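Undergrad: Respectively, the protein sequence lines represent chains A and B.
Going by the numbering used here, the letters in the first sequence line up with residues 1 to 251, in that order.
Going by the numbering used here, the letters in the second sequence line up with residues 1 to 251, in that order.
Keep in mind the hints are simulated off the structure, nothing from the lab.
Just so you know, these numbers come straight off a predicted model, no measurement behind them.
Among the clues, some could well be false.
It does not matter which identical chain is meant; a pair holds if it fits inside one copy or across any two.
Unchecked claim - Okay, derived cross-link-like pairs now, DMTMM-like style, lysine to aspartate or glutamate, Cα gap no bigger than 20 Å in a straight line: (1) Lys178 - Asp38; (2) Lys237 - Glu5; (3) Lys186 - Glu218; (4) Lys77 - Asp246; (5) Lys186 - Glu83; (6) Lys195 - Asp182; (7) Lys186 - Glu74; (8) Lys77 - Glu245; (9) Lys195 - Asp116; (10) Lys77 - Glu218.
Number of protein chains: 2
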Amino acid sequence: MRRLEIIGLEGLGGVRQGDSIGRLIYQACSRHRITLVDGDILVVAHKIVSKAEGRIIRLDTIQPSSRALELSHELGKDPCLLEIILRETRRIIRVGGGTIIVETHHGFICANAGVDLSNVGLGQVALLPLDPDRSAREIREEVRQLSGVMPGVIISDSFGRPWRLGTVDVAVGVSGLKPLKDDRGKNDRYGYELKASVAAVADELAAAAELVMGKRGEIPVVIIRGYSVEGEDGSAKELLRPEAEDLFRKF
Amino acid sequence: MRRLEIIGLEGLGGVRQGDSIGRLIYQACSRHRITLVDGDILVVAHKIVSKAEGRIIRLDTIQPSSRALELSHELGKDPCLLEIILRETRRIIRVGGGTIIVETHHGFICANAGVDLSNVGLGQVALLPLDPDRSAREIREEVRQLSGVMPGVIISDSFGRPWRLGTVDVAVGVSGLKPLKDDRGKNDRYGYELKASVAAVADELAAAAELVMGKRGEIPVVIIRGYSVEGEDGSAKELLRPEAEDLFRKF
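Just need the whole structure built from these sequences, with the hints factored in.
TA: This is the structure in structure tokens:
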């Protein structure tokens with residue numbers, strides 16, 4: 001039987017700037033007597049990566065621009081928070097209903113440019129890592145140095161979606177696996193050639209991990225065991241739909 | 001440690017109209033010596049449900065309307081396929097780049113109204129079940145009658161997304177669990193009250209199952225074990241964002 005295990009790694013709570021996430025993961029595995037094996041995938045909540053990389057900002061250090069003040073009136077949100085969101089933004093996609101959807105400098109389209117108030121401490125916000133693929137590569141390399149094993153690594157965040165309620169976790173950084181699984185050109189059992197079968201497996205792995213992580217920060221790292229990784233390496237940027245092929249970006 | 005298992009159930013290939021999916025699942029579990037337990041969640045690819053419910057159509061029985069012929073020219077797709085898509089459609093959301101995004105009569109917004117050519121036999125297409133929540137309830141009840149256990153049941157399909165490439169599986173039918181996990185009002189460890197933390201767990205469970213299912217139809221049913229289901233029952237309709245709150249429906 002094809003079988004996956006999704007294992008929550010507890011005890012990684014108090015991450016501080018400068019910490020090595022790879023080392024913390026290795027140490028937590030040791031404490032819990034978990035031996036990482038080849039093919040394991042580590043899904044890491046971006047929040048602890050942002051903390052380790054110093055991507056945390058105190059709201060009271062921010063001077064809001066006039067644009068942030070305008071948006072603050074329109075959205076009923078803190079102008080300092082909006083100023084931080086604007087600094088993380090390449091362009092605004094939609095504003096309405098108390099929500100701001102933007103394209104970040106990385107190219108992700110999401111609410112609030114991924115700027116988040118939860119699980120960081122009162123009066124502070126977490127930004128997405130500057131280069132989440134690089135963060136994933138570094139974690140992978142740290143784990144390799146300590147354990148000799150090269151896991152796949154996914155940095156995850158919770159994104160909302162058009163049309164459907166609730167967030168699902170997606171991959172914002174990837175190392176050691178291809179984020180898309182392309183079955184186009186293969187035949188089904190009836191001889192039909194699959195034409196649209198590209199699965200965003202890195203996003204599905206992130207979503208699967210969220211079921212164990214939860215939203216309160218107790219389990220920021222999840223090990224997925226038994227998934228047969230295809231491809232040696234990849235980038236979360238492969239998940240971004242090019243603007244020219246996107247029906248929901250320009251209006 | 002919090003831990004989930006995701007177990008693919010093989011040997012459910014040749015589903016025919018009139019088959020009881022619940023009975024086929026029960027029999028496949030018996031053959032593979034898997035005993036279902038309370039709390040298990042069955043994720044069932046909609047394709048086998050559509051087959052059992054007779055929601056399969058031969059393309060050569062269809063007379064395309066003038067609207068289907070027009071769209072056929074615009075999109076470069078088979079006019080008979082487009083006629084079937086239009087019959088499943090409440091309204092068209094976007095047409096472009098060879099793609100048609102519609103709102104189905106159920107309220108799902110997806111490509112091709114969920115009409116699918118793969119894993120059904122050449123010259124045929126599968127429609128989504130008429131009432132996927134009802135399909136999920138029936139499977140749940142059939143399994144209960146045979147095993148005494150009441151699993152959660154999710155009917156899944158692969159949907160594309162704006163902005164991101166690749167499909168992820170989502171829940172189109174639900175029985176025996178709440179599809180949304182609402183943590184709003186709870187506090188994180190810093191005392192911050194969570195304000196936006198609603199996870200679409202039924203979609204995340206469907207996404208997790210796809211990692212084991214794959215796209216070629218060999219594993220149409222997956223058992224997810226170890227997830228603590230909240231709520232006695234729910235509907236996939238709870239996942240549909242109301243139009244008035246949706247920033248990407250009307251233009």
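Undergrad: Against this structure, judge whether each hint is valid.
TA: Taking the hints in turn, this is what the structure says about them:
1. Lys178 - Asp38: within (16 Å within a copy, 35 Å between copies)
2. Lys237 - Glu5: Neither way: lysine 237 and glutamate 5 sit 27 Å apart in one copy and 29 Å across, limit 20 Å.
3. Lys186 - Glu218: Cα proximity of lysine 186 and glutamate 218: across copies only (13 Å, versus 41 Å in one copy).
4. Lys77 - Asp246: Cα proximity of lysine 77 and aspartate 246: across copies only (19 Å, versus 29 Å in one copy).
5. Lys186 - Glu83: Neither way: lysine 186 and glutamate 83 sit 48 Å apart in one copy and 27 Å across, limit 20 Å.
6. Lys195 - Asp182: So lysine 195 and aspartate 182 pass the 20 Å test inside one copy only (10 Å; across, 37 Å).
7. Lys186 - Glu74: So lysine 186 and glutamate 74 fail the 20 Å test inside a copy (50 Å) and across (27 Å) alike.
8. Lys77 - Glu245: between (33 Å within a copy, 18 Å between copies)
9. Lys195 - Asp116: between (38 Å within a copy, 10 Å between copies)
10. Lys77 - Glu218: neither (27 Å within a copy, 49 Å between copies)
Checked against the numbered hints given earlier, this structure breaks hints 2, 5, 7, 10; the rest are met.
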